[in-house]
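Given the sequences, and given the hints that come with them, work out the whole structure.
Below, each chain spelled out in residue letters.
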Amino acid sequence: MIEVHDVWYSYDEVVALRGVSLKIQPGEVVAIMGENGAGKTTLIKHFNGLLKPDKGYVKVFGVDTRNASVAELSRRVGLVFQNPDHQLFAETVEDEVAFALKNFGFPKEVIERRVKWALKLLDLWELRDQSPFALSGGERKRVAIASILSYDPDVIVFDEPTVGQDYAQKERLAQLIKLLRSQLKTIIVVTHDVEFVAENFPRVVLMSEGRVIADGNTRRILTSPELLKKARLTPPQITQVAWELSDFSVPRDLMWVSEARDAILRVLGVRGR
Amino acid sequence: MKILEGFEFKRGETLIHKLDPRVKLAYSIIVFALAMIFTHSITLLIILISTLPLFYVAKAFRKFAKSVQGSLILVGIVFAVNFITLGFERALAMSIRLLLMISCFSIFFLTTYPEDFAEALVKLKVPYEFALTFTMALRFVPTLAREAQLIMDAQRSRGLELDKGNFIRRLRNYIPILVPLIVGAIRKSIKVAEAMESRAFGASPKRTSLRELKFKQRDYAFLALIVLMFIVAVYAKYFLGVEELISSLVSLG
Amino acid sequence: MPIIELRRVTYTYPGSNKPAIRNVDLVIEPGEYVVITGPSGCGKTTLCRCLNGLIPHFYGGELEGEVYVSGMSVKSTPTSKLAQIVGMVFQDPESQLFLLTVEREVAFGPENLGLPRGEVRARVEEALNLVGIAHLRDRSPHELSGGEQQKVAIAACLSMKPKILVLDEPTANLDPESALHVLSLLSDLKNRLGVTIVLVEHRLEAVAPSADRVIVMDKGEVILDGAPREVLSKQVVEAIGIGVPKVVKLYNELRKYGVDFKFIPLSPSEVRKAILEVMRSDRSS
Chain A
1 MIEVHDVWYS YDEVVALRGV SLKIQPGEVV AIMGENGAGK TTLIKHFNGL
51 LKPDKGYVKV FGVDTRNASV AELSRRVGLV FQNPDHQLFA ETVEDEVAFA
101 LKNFGFPKEV IERRVKWALK LLDLWELRDQ SPFALSGGER KRVAIASILS
151 YDPDVIVFDE PTVGQDYAQK ERLAQLIKLL RSQLKTIIVV THDVEFVAEN
201 FPRVVLMSEG RVIADGNTRR ILTSPELLKK ARLTPPQITQ VAWELSDFSV
251 PRDLMWVSEA RDAILRVLGV RGR
Chain B
1 MKILEGFEFK RGETLIHKLD PRVKLAYSII VFALAMIFTH SITLLIILIS
51 TLPLFYVAKA FRKFAKSVQG SLILVGIVFA VNFITLGFER ALAMSIRLLL
101 MISCFSIFFL TTYPEDFAEA LVKLKVPYEF ALTFTMALRF VPTLAREAQL
151 IMDAQRSRGL ELDKGNFIRR LRNYIPILVP LIVGAIRKSI KVAEAMESRA
201 FGASPKRTSL RELKFKQRDY AFLALIVLMF IVAVYAKYFL GVEELISSLV
251 SLG
Chain C
1 MPIIELRRVT YTYPGSNKPA IRNVDLVIEP GEYVVITGPS GCGKTTLCRC
51 LNGLIPHFYG GELEGEVYVS GMSVKSTPTS KLAQIVGMVF QDPESQLFLL
101 TVEREVAFGP ENLGLPRGEV RARVEEALNL VGIAHLRDRS PHELSGGEQQ
151 KVAIAACLSM KPKILVLDEP TANLDPESAL HVLSLLSDLK NRLGVTIVLV
201 EHRLEAVAPS ADRVIVMDKG EVILDGAPRE VLSKQVVEAI GIGVPKVVKL
251 YNELRKYGVD FKFIPLSPSE VRKAILEVMR SDRSS
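Chains A, B and C are the protein sequences, given in the same order.
All residue numbers for the first sequence refer to full-length UniProt numbering, where the first residue is 1 and numbers rise by one.
All residue numbers for the second sequence refer to full-length UniProt numbering, where the first residue is 1 and numbers rise by one.
All residue numbers for the third sequence refer to full-length UniProt numbering, where the first residue is 1 and numbers rise by one.
These are calculated hints, taken from the structure and not from any lab test.
Note that this is a predicted model, so its numbers are computed, not measured.
Treat the hints loosely; a few may be bogus.
Pairs of lysine-lysine, DSSO-like flavour, derived with a Cα cap of 27 Å [as the list claims (entries may be wrong)]:
1) A:Lys120 to C:Lys219
2) A:Lys120 to C:Lys18
3) B:Lys191 to C:Lys161
4) C:Lys18 to B:Lys206
5) A:Lys102 to B:Lys164
6) C:Lys81 to B:Lys188
Restraint-style ranges between C-beta atoms, simulated for each label pair [to be verified]:
7) C:Gly226 to A:Ala174: 42 to 50 Å
8) A:Arg211 to B:Val183: 34 to 42 Å
9) B:Ala137 to A:Gly62: 44 to 52 Å
10) B:Leu162 to C:Glu62: 41 to 49 Å
11) C:Gly226 to A:Asp154: 46 to 54 Å
12) A:Arg211 to C:Glu177: 13 to 21 Å
13) A:Arg113 to B:Tyr174: 26 to 34 Å
14) A:Leu179 to B:Arg11: 49 to 57 Å
15) C:Glu62 to B:Glu212: 43 to 51 Å
16) B:Phe32 to A:Arg211: 48 to 56 Å
17) C:Lys161 to A:Asn217: 46 to 54 Å
18) A:Val14 to C:Ile223: 42 to 50 Å
19) B:Ile29 to C:Glu177: 48 to 56 Å
By construction, the Cβ of each residue, glycine as well, lies at the ideal position given by its N, Cα and C atoms.
Okay, here's the thing in structure tokens:
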């Protein structure tokens, strides 16, 4: 469980977080959204202690992050950063995925088993002996994810996982999140991809200028013109369609193609067909 | 690294900023030469004090002071070593000389626009490709610094502890930082090359330049002043024997 | 006369045993706004590189077939010459900016051509104003946001007065707001300057309404080439894993239930128009 209590944080003179509070329960799947500079990445770096609050506190599984090292906190909260090239360094994919396990002092047999599991999960088993640098962009991204999943943290945080990904890759990511959810992992994703969130996340934390301006049901937040405007986000395309048709009594909070289809069928059915 | 503060460009519109970089470079080199020529602590101190007003005019005194602060350990070591081997006066002289060397180049870097370095080099007949390489290195320093931080964050999040273990262990722990940094730098350099090609690098053997460094009246004036100062100083040292004079005054007193 | 022509082009990178693009035939007329899309690894970037000579001159490898740009054969024309016709903007906003100020970055191209200083200055001003970044001229690239960096890259190409702008996923690393700014800048430039645009892009919902043509690639081959409405509504596009705009998916879904719009909508307002048309024709029938 992650508890953020009235956290303030500044980089030199720039205030990045202004009194942020939120709670994330085990098993939740949450999207953190907001414009560039809203403080999203700054916030998640507090979850594993990379940053410690100037004011307020962050408790992870009951432990105040100021009293624990990054390594200790990372053991339970895994952070998958945006750019896999910022972490790949090993001679083989297998070594790369084993790195965190070795750092945390797992015994050899456990490391072998977990690495195999993670590689298979991310479709990387065939590539295990290759150099991570010889892989394609999409493959490198999967290695980065596997290297965090391998040590089985309770909470997995993804920082902008959909940037630069094509549609098929995003689908695979959504499937992975579903799988992890079924394993009762807590998933936190920082993203600006409104369509991706509309399809896959029940809860959104919306940030703007270092503050949380909304926290709750995805549908309520992503279909609210005021909130979207404040956070400089575009509404999902289907929501825009719903707004175009509001004079036909189409509900304004649609997000999915199936809902829009049903609403339009109703509209056309009603009009004497 | 506080000592580097005095070498980091600080934006400004002061007289010193507006001087042609070649004049400032000439100043740095001449003061450096004087630092080598003179050996007595009092003369070195006079030269050091003479450089200070420039920092005031450039509104960069604080940055220079930070550099001095950062260099005190080094200065202390120099002082101690010289004190033990050569005595107090020599130790003092060497320490002041060190500060003088820092000061004379510091003023150059604090007040010269990085984009003018390359121009200055080209004007001094350095081939364009070399000057460009220098510019690009400067350009990417902040980018690489940011990358290094991101890499450290990513690796620490995988349990890498950079501040634990003995010396050998710590060196090895830096491999997961250095490898991505270097690979990243190589990847970037390929992208830079592609971009350069895509904007017709090498299209014409005769390349023009948007801006050109031209000496203005004040540049000539300063240069003349600096040369004059050098001549006077050399004269004072070798023909008037000013340092021997000071030595004897001090030993009398 | 076409401004870009590819005839049976096949290219294999050095050291690779499989071609990255295969049998590509492509004709682009001056002034067209062409979007190229496809799953990762389909050869879109490789195709772009053939347009300004990076392939074959920078990358080496084996280039079969013919590539003509503005009448010049890419195989026998150096990139420094092609770069005066084709401006290229890359996916990584920061690494394509390698000088210390925006102004110098934009001046780099004309300086390389040896143009007189007055001409260089004039082109720099024009490019900065066209893109709306004159206020950024003294800034250092690393201080700028991704969106601003891409605008600088575009200006740096425009100062060469190119006939064609090729952009390889320029918005991939940008947040949605900046992405839209860059894309609307492209439409604006096309309208104002008549420049031909070749844009590799995944954000189809943002570009489909403005594009004249969409080319779909998969596994190194061009599999579809036509007007956005025709191409995006085809089954195969979704099947190979391309992010078809939701309004097009909606159109396809409604067809399954017997509702046939008179045209394929590419934006929410077009959906409204289509529905109104259906209602009008229902009333009259």
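Taking the hints in turn, this is what the structure says about them:
no. : hint                             : in the structure
1   : A:Lys120 to C:Lys219             : holds, 24 Å
2   : A:Lys120 to C:Lys18              : holds, 26 Å
3   : B:Lys191 to C:Lys161             : holds, 22 Å
4   : C:Lys18 to B:Lys206              : violated, 41 Å
5   : A:Lys102 to B:Lys164             : holds, 15 Å
6   : C:Lys81 to B:Lys188              : holds, 24 Å
7   : C:Gly226 to A:Ala174: 42 to 50 Å : violated, 30 Å
8   : A:Arg211 to B:Val183: 34 to 42 Å : holds, 38 Å
9   : B:Ala137 to A:Gly62: 44 to 52 Å  : holds, 48 Å
10  : B:Leu162 to C:Glu62: 41 to 49 Å  : holds, 46 Å
11  : C:Gly226 to A:Asp154: 46 to 54 Å : holds, 50 Å
12  : A:Arg211 to C:Glu177: 13 to 21 Å : holds, 19 Å
13  : A:Arg113 to B:Tyr174: 26 to 34 Å : holds, 29 Å
14  : A:Leu179 to B:Arg11: 49 to 57 Å  : holds, 52 Å
15  : C:Glu62 to B:Glu212: 43 to 51 Å  : holds, 45 Å
16  : B:Phe32 to A:Arg211: 48 to 56 Å  : holds, 53 Å
17  : C:Lys161 to A:Asn217: 46 to 54 Å : holds, 52 Å
18  : A:Val14 to C:Ile223: 42 to 50 Å  : holds, 48 Å
19  : B:Ile29 to C:Glu177: 48 to 56 Å  : holds, 50 Å
The structure fails hints 4, 7 (numbered hints given earlier, in ascending order).
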